[in-house]
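Q: All chains should be modelled from the sequences, with the hints used to inform the complete structure.
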Amino acid sequence: MLYGAPGVSSRIIRGFDQGFADAGGNLRNGTRDDGASGVRPIETVEQVEVLRETASVLFGAVEPGGVINVITRQPLSELYYNLRLEAGNYSFYQPVLTCQDL
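Mind the numbering: the sequence shown is residues 62 to 163 in the numbering used here, read in order.
No lab work stands behind these hints: they were computed from the structure. Hints may contain errors.
[Unchecked claim] Pairwise CB distance ranges, derived in the manner of DEER restraints: (1) Leu137 - Arg113: 30 to 36 Å; (2) Val106 - Pro156: 17 to 23 Å; (3) Val109 - Glu147: 15 to 21 Å; (4) Ile132 - Pro156: 22 to 28 Å; (5) Asn150 - Gly91: 33 to 39 Å.
By construction, the Cβ of each residue, glycine as well, lies at the ideal position given by its N, Cα and C atoms.
A: What follows is the structure, given as structure tokens:
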């Protein structure tokens, strides 16, 4: 999930700004995430949960709008290799290699 990067606006849930500095509404695998690890590669994300309003109290967060919980991928039980090339505007290209060994 990309946030805190140039050109990315803040997330607003039910009228409440989640803000980049306040990590209360950002969770990774159910625990608070301050985003200090930087940009999270999308291939490491299994799913994104958006818990609105009072459902956010399940994680102890007092966020009136809700929370965003990013669930990361779990290790696989077999060998896994993936190679791809991402391309975009302004001469953007990036090779991505994902490997998992036992």
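Q: A separate judgement is required for each hint: does it hold in the structure or not?
A: Hints versus structure:
no. : hint                        : verdict
1   : Leu137 - Arg113: 30 to 36 Å : holds, 32 Å
2   : Val106 - Pro156: 17 to 23 Å : holds, 19 Å
3   : Val109 - Glu147: 15 to 21 Å : holds, 19 Å
4   : Ile132 - Pro156: 22 to 28 Å : holds, 26 Å
5   : Asn150 - Gly91: 33 to 39 Å  : holds, 36 Å
Figure legend: structure checked against the earlier numbered hints; every hint is met.
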